[in-house]
Amino acid sequence: MPDTRRVLVDATAIPADLGGVGRYVVELVPELAELGPEVVVACRPGTEGWVAERAPQARAVVVPRAAASSRPARMAWEQVGLPGLVRRTRADVLFSPHYTMPVAPVPAARVVTLHDATFFSRPDVHSRDKRVFFRQATSWAVRHADALVVPSAATRDEVLRHAGGDPALFHVAHHGVDASTFHPVDEAEKARVAASLGVRPGGYVAFLGTLEPRKNLPALVRGWWSAFGDATDAPDLVLAGGRGWDSELDAVVASLPGGGPRVVRPGYLPVDDLAGYLGGAAVVAYPSLGEGFGLPVLEAMACGAAVLTSRELSLPEVGGDAVAYTGTSAPEVADALRTVLADAALRSRLGTAAQARAASFTWSAAARAHVLAFDAAVARREGRAALLR
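The numbering of the sequence shown is this note's numbering, which starts it at 8 and goes up by one.
Derived from the structure by calculation, the hints contain no laboratory data.
Ideal Cβ positions, reconstructed from N, Cα and C, are used throughout, including at glycine.
Pairwise CB distance ranges, derived in the manner of DEER restraints:
no., residue 1, residue 2, range
1, ALA352, ARG66, 44 to 54 Å
2, LEU42, SER262, 46 to 56 Å
3, PRO130, ARG272, 18 to 28 Å
4, GLY205, GLU255, 19 to 29 Å
5, LEU394, ASP342, 51 to 61 Å
Using the sequences and the hints, build the whole thing.
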């Protein structure tokens, strides 16, 4: 394990609700601090509380309020203010956990996390602005960082294929799963959550995630309706998660005939309901067109759910042989849903296998992989300095 090296984590991209990249940073930082590095976390005003609560060994530094007033302001601070913070904290490693880093040299080794390569491989599922921005940020990081962290070998391979780079710079650190939130629950808890959604316990197909094009939800809706629209006592389809930018989903749902099973769209669910929601589903369906990792699949697995997902990019790396697979077209989704829903023994086997496999994905293991990346980055930086002397 490392010495007393000091790591500055730029957590200023974390939103106040700690969603998205925030979950990654909030889970990772406590485990990093346990391993030995001195961890300093740069936080936006109002978000620093989690550091004292989750990682008391770490130290929070709050950036100026103006620096976090908007995304452009934060990006400007990253380029102008962050290098100064690196110097003031005497950091050995600057860890940038969300694609971007200062363009100007800083007096520390630079480690950047690249979460996803679908900006290159599936540009059609991203807005133009995001596609352009994240392609450029990824390409810059590949050329200039001292080490790169990726959440899956699939993401590493896609970045190398599209943006090039030195394979030795990449360090795969699979995400972990928060077992305090995602775990098997009893039948009473499943029934409570089902009642809150207005569905039958065990009588629904579940999805959890942002309702965005990459999640392939129009195909899921069409496949579900094709499989069960005329069936007696058919399962409802619950699409839980924040509304994204999927322009097709609303029209597909609106086109369904009335009188059959329903599409339920509850939006965000309370954190305390997630285990009952996922574990209480007949099947959790996630036919994504591509993921950098696929954390919702892992979280459903940890709840003992029978999961149906696609084989795109990283998802087989997460699911292994503990999930069922489908193609991404509506007819393929329909066939797979019919097969899984018709076989209770299969669903039981999948749930048991999924829970066991999910237990091998831990944030402590992710932190150890990050520390190896930090060590490699420092060695690389020191090697370059030695050549210049």
